[in-house]
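Student: Protein chains in written order, with the numbering used here: chain G, 10 to 478; chain X, 10 to 478; chain F, 54 to 157; chain B, 54 to 157.
Everything labelled a hint here was simulated from the structure, so no lab data went into it.
Do not take every clue at face value.
Quick partial rundown of chain B residues pointing at chain G, CB under 7 angstroms, derived from the structure [as the list claims (entries may be wrong)]:
{"hint": "1", "residue": "Trp61"}
{"hint": "2", "residue": "Met90"}
{"hint": "3", "residue": "Ser97"}
{"hint": "4", "residue": "Ala126"}
{"hint": "5", "residue": "Met128"}
{"hint": "6", "residue": "Val132"}
Bear in mind the structure is a predicted one, so any value in this text is a computation, not a measurement.
Backbone N, C-alpha and C define an ideal beta-carbon position, used for all residues, glycine too.
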Amino acid sequence: MSYNLVQLAYLIATALFVFALHWMNTPATARRGVYAGVVGMALAVAATWAEPEVVHHLWIVIAVVLGFAVGVPLSRVPLTAVPQRTALSHAFGGLAAGLVGTAKFYLWSGEGSAELTGFRTTAIIAEVLLGFLTFTGSLMAAGKLQEVKWIPQRPVTYPGQNITNMGLLVVAAALGVAIVLDPTAAWAPVAFAAVMALALLFGVLLIIPIGGADMPTVIAILTAYAGLAAVAMGFVLDNKLLITAGALDGSSGLILAIIMCKAMNRSFTNVLFGAFGQVQQASAGGEAREYKAETVEGASQVLEQANLVVIVPGYGMAVAQAQHKVRELYDQLKKRGVTVKFAIHPVAGRMPGHMNVLLAEADIPYTDLVEMDEINPDMPQADVALVVGANDVVNPAARSDKSSPIYGMPIIDADRARTVFAIKRSKNPGFAGIDNALYFSDKTWMLFGDAKNVIGELVKQMSGGSGMH
Amino acid sequence: MSYNLVQLAYLIATALFVFALHWMNTPATARRGVYAGVVGMALAVAATWAEPEVVHHLWIVIAVVLGFAVGVPLSRVPLTAVPQRTALSHAFGGLAAGLVGTAKFYLWSGEGSAELTGFRTTAIIAEVLLGFLTFTGSLMAAGKLQEVKWIPQRPVTYPGQNITNMGLLVVAAALGVAIVLDPTAAWAPVAFAAVMALALLFGVLLIIPIGGADMPTVIAILTAYAGLAAVAMGFVLDNKLLITAGALDGSSGLILAIIMCKAMNRSFTNVLFGAFGQVQQASAGGEAREYKAETVEGASQVLEQANLVVIVPGYGMAVAQAQHKVRELYDQLKKRGVTVKFAIHPVAGRMPGHMNVLLAEADIPYTDLVEMDEINPDMPQADVALVVGANDVVNPAARSDKSSPIYGMPIIDADRARTVFAIKRSKNPGFAGIDNALYFSDKTWMLFGDAKNVIGELVKQMSGGSGMH
Amino acid sequence: MHATSDFWSQIFVFVLATFIGLGVIRRVSRLLHTPLMSLTNAISAIAVVGAILVAGPDYPIPIRILGTIAVFASMTNIVSGFLITERMLKMFKSEQKPGEGKRP
Amino acid sequence: MHATSDFWSQIFVFVLATFIGLGVIRRVSRLLHTPLMSLTNAISAIAVVGAILVAGPDYPIPIRILGTIAVFASMTNIVSGFLITERMLKMFKSEQKPGEGKRP
Ligand SMILES: NC(=O)c1ccc[n+]([C@@H]2O[C@H](COP(=O)([O-])OP(=O)(O)OC[C@H]3O[C@@H](n4cnc5c(N)ncnc54)[C@H](OP(=O)(O)O)[C@@H]3O)[C@@H](O)[C@H]2O)c1
Ligand SMILES: NC(=O)c1ccc[n+]([C@@H]2O[C@H](COP(=O)([O-])OP(=O)(O)OC[C@H]3O[C@@H](n4cnc5c(N)ncnc54)[C@H](OP(=O)(O)O)[C@@H]3O)[C@@H](O)[C@H]2O)c1
Chain G
10 MSYNLVQLAY LIATALFVFA LHWMNTPATA RRGVYAGVVG MALAVAATWA
60 EPEVVHHLWI VIAVVLGFAV GVPLSRVPLT AVPQRTALSH AFGGLAAGLV
110 GTAKFYLWSG EGSAELTGFR TTAIIAEVLL GFLTFTGSLM AAGKLQEVKW
160 IPQRPVTYPG QNITNMGLLV VAAALGVAIV LDPTAAWAPV AFAAVMALAL
210 LFGVLLIIPI GGADMPTVIA ILTAYAGLAA VAMGFVLDNK LLITAGALDG
260 SSGLILAIIM CKAMNRSFTN VLFGAFGQVQ QASAGGEARE YKAETVEGAS
310 QVLEQANLVV IVPGYGMAVA QAQHKVRELY DQLKKRGVTV KFAIHPVAGR
360 MPGHMNVLLA EADIPYTDLV EMDEINPDMP QADVALVVGA NDVVNPAARS
410 DKSSPIYGMP IIDADRARTV FAIKRSKNPG FAGIDNALYF SDKTWMLFGD
460 AKNVIGELVK QMSGGSGMH
Chain X
10 MSYNLVQLAY LIATALFVFA LHWMNTPATA RRGVYAGVVG MALAVAATWA
60 EPEVVHHLWI VIAVVLGFAV GVPLSRVPLT AVPQRTALSH AFGGLAAGLV
110 GTAKFYLWSG EGSAELTGFR TTAIIAEVLL GFLTFTGSLM AAGKLQEVKW
160 IPQRPVTYPG QNITNMGLLV VAAALGVAIV LDPTAAWAPV AFAAVMALAL
210 LFGVLLIIPI GGADMPTVIA ILTAYAGLAA VAMGFVLDNK LLITAGALDG
260 SSGLILAIIM CKAMNRSFTN VLFGAFGQVQ QASAGGEARE YKAETVEGAS
310 QVLEQANLVV IVPGYGMAVA QAQHKVRELY DQLKKRGVTV KFAIHPVAGR
360 MPGHMNVLLA EADIPYTDLV EMDEINPDMP QADVALVVGA NDVVNPAARS
410 DKSSPIYGMP IIDADRARTV FAIKRSKNPG FAGIDNALYF SDKTWMLFGD
460 AKNVIGELVK QMSGGSGMH
Chain F
54 MHATSDFWSQ IFVFVLATFI GLGVIRRVSR LLHTPLMSLT NAISAIAVVG
104 AILVAGPDYP IPIRILGTIA VFASMTNIVS GFLITERMLK MFKSEQKPGE
154 GKRP
Chain B
54 MHATSDFWSQ IFVFVLATFI GLGVIRRVSR LLHTPLMSLT NAISAIAVVG
104 AILVAGPDYP IPIRILGTIA VFASMTNIVS GFLITERMLK MFKSEQKPGE
154 GKRP
């Protein structure tokens, strides 16, 4: 009977998780989604904990308390650190999956028990492989994003790298098969340990050749792995809740990764094995052409005269934490009856939805955040396109220049606006490491400096100005 | 092993069915959907037939051949008969489910076998109940739609009707419970037979009180029942393909029923127990106000002058089979550079999508078929709204008159067009049995007559006219 | 225990499939609601699987007769359902290239 | 046999759940992709269920230690995942009434 109750709880939790994700389809219902998720999770934990076989509670209580102790601060990180946090929690997730798999294996093989059916053992191997490689891989990713000094930012590549990695994987797989064939053999526990070690190692090697800026995509892929690990665990424990939840996460990771690759016009394989970041050195110092700089005074006047101003935020806004200043600018312009829209590129910044969260943090109504496809038709009507620390996502080369590494990547047509102001600190290129023809066009004026300061200046100008008359 | 192959086939079939329905989301991919469905079905049949326990083939072959012999002609019915055909095949579906359930029960109870677990038996009872009530219910529905003489069109109601029906259901359920409690009892087979009989009877009684015009909604609900019967069968046979396919059909029926009820602004219970059709008598003869009739000559001139003509087809176009004439009119007007759009109300006609199929049959590109919500904003720009045998769906009372039985039902705002021409044969009301203020408005001109003839006249006028200059 | 474990797998499958059904059907183009009805019609004739498993094995004659009738009934639905859906869909033409023909 | 029957139920559940996942996620508003990442993050911490079942029962100490660590790890994800998602979503405001705030 209790078995049925537990299953019922799991079923309800499953449904709640589905609704949780479903409600994320609009900001209006998104928070309801979180609550659904929380309830589902609480239900699942309670039902499991109440299982008769769970007799030792102390350790679990401690673990839960510690979980809160670590989890709460982790949820307070600044928004710029969100990618790292995500990577880190993937590491935790992978670790959990890996450990459970390991525990189950040694438990059952210890009993030399019939529990280790071929199917179960296969699932365990998969769980452990995915779990542990997600663990180390995510740690590496988090490190690169956090720009920890002893983890190389630049992609580390050496000849025959991919072969080596594949080789490792093959060995691990072979060992796995051997274990499946004779799970209770004397050597099985050792072989299993070897598989674990290889998985941990593989996770590291998988990330090393990938440039820091590609991490967001990698993280999405790691989400998918974490999800699959949960599915495998579900197979091992014959737990349908785990299978469903895992599948949901798997598809989420997959779709985000696809969206990012599409928006960057790159393929999975290219991200995973392309060592794209190298390009950064390759063409970093493109021959410097003529920039036309503009003064804050001049810019603020033009902005005040405009009817429609489109602000194109990019990674730079995130680095400079300029969103609040941007908000002030937005208010100043609105006060003058200027229509202000934000053009959001799907991969502006360093994670999907990066710009939206920052601007939302600055209380800018999401109804003024317009997606690329919706804003581009209106760009020609825009009197001013104000590029705030965006680069690749407004690089016309993506449209025209077949030779460019970002050729074919959809961009925001800032260059079609009547005037363009571009805020950046230097002549350095962006993530893709290539020059941006937009900056040299005769309708473009550069506002060099840190985004936060420059926009602060603009705001001061205007408030001062508005103070006078 | 063969077991695994069969399961694999079932899994693929499941996926194919999902895709089949998914691809129906746009006409561009819809046909691919059908092919996916066919392949899935073929796979499922082949895999099952190949099961080792299936040893007698002759009868199956004969049944299959007969199935083709009956099925092919059934697929050639005129489009106006599609609702009947659907109802009829629900009857077949229900019958199949009921028979399989019955067979399984007598088989297992005969063996007095342990196969009849409480869960299984419950599922069998559900399958048989749903199956057989769908069988007779659908037959009744088909009869009413076909307007078979010995099945009363009008809702047949008598005091305490719903109580009687509910009573029957309760008795059947009670018997069912008894059987579940002791499936191998001596009296069980008899009780089971009683359940079957009650289900068959209940199906009839369920439909009798429902008006002929409500049948489309009923059919949708019967789709849901048929789906659930398949699910129950899936539970009985522990067959996940049956469960999935059944669930898909169940949700399809449910959603269509909901859409129809919403568009008619009525509740399930009202459709099922409201005996709505009665209203038809109730207010059929509303006091006859002034109609302004118009000649075909006059109308055709106005149409020729127009820039935007919105044609609002309704059930009358289906009755008159006027879609081909409408096509000719459409061509004539296009020739004169008139923009012609079709305003499609979700419940125009007598089944969901009725108008779309008819107009598609007449080769009118579906890109000119505009949904209610999309066309209404443009209605004020329309020079002429040509109402072809539509009535309730253009009745302004739904917007204004709280007392009207269709108050609150969303309508097509034909009355907002500059001029309205309405084609109908008589002063009789439509399905809802109420007068239509639109016909009396001073901008409306009636073209009395059979839709096919009237439009034929219009076309003659124009082609003649265009012949002159 | 086996029974119950099966039972719950089946419930899960049912619930998940229902979610899929609701999600997919809600997005079917209104243009195609009539063909949709006949398509689901054909698909629900999957009952044929159960029918074959009753008509085919070495069961007493009366049982097999019931099964055979069921096979016939389902087969009719499969054939007529798919054919008429195809027939209706053939009629839907757009002036644009099919590729663009998306009108949800 | 039991194993295989179970096996296939699980595969079915997996495939169906994946369909749901793909359908649902594809419709998540682009505005919310960052919160989505942290939400799925929290949900994938459902591994806690498995962890408890290893840490709780009367198993050898080393096994239970592994389980306890796993509980801790998952718990961290649950707590931080849900909290940060909520924190981010709180920031999304529209000028319209929430009801209308639909921008897919
Ligand atoms: N969003 C994602 O999910 C994602 C994932 C993976 C990769 N990416 C990639 O990331 C890139 C995003 O494009 P993006 O245009 O947003 O950024 P970007 O191309 O990386 O350019 C950022 C620009 O901001 C400027 N900048 C940096 N710090 C600044 C500061 N404090 N003040 C002012 N300006 C500053 C930089 O120029 P200075 O250094 O001269 O200031 C640089 O030109 C795309 O190439 C995309 O493919 C995105
Ligand atoms: N579509 C669905 O799924 C569905 C389902 C259930 C119920 N319904 C109901 O059906 C109704 C559909 O509305 P509707 O406006 O399409 O149809 P309607 O309200 O039933 O009106 C049909 C009109 O067509 C006229 N007509 C009939 N035969 C004609 C012919 N041969 N030539 C010319 N005119 C002819 C009739 O007037 P005369 O008799 O004077 O010619 C009548 O006014 C709604 O009330 C809806 O709720 C629809």
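Student: Decide, hint by hint, whether the structure agrees.
Tutor: Status of the hints after comparison with the structure:
For B/Trp61, the interface hint is violated, since its Cβ never comes within 7 angstroms of a Cβ in chain G; the closest pair sits about 10 angstroms apart. With 7 angstroms as the threshold, the beta carbon of B/Met90 comes within range of chain G, its nearest partner Cβ sitting at about 5 angstroms, so the hint holds. At a threshold of 7 angstroms, the smallest CB-CB gap from B/Ser97 to chain G is about 4 angstroms, leaving the interface hint in force. Among the interface hints, the one on B/Ala126 holds; its C-beta lies about 4 angstroms from the nearest C-beta in chain G, closer than the 7 angstroms criterion.
Hint on B/Met128 holds. Least Cβ distance to chain G is approximately 2 angstroms, under the 7 angstroms limit. For B/Val132, the suggested interface contact is upheld, since its CB lies about 3 angstroms from the closest CB of chain G, less than 7 angstroms.
Violated hint: 1 only; the structure is consistent with all others.
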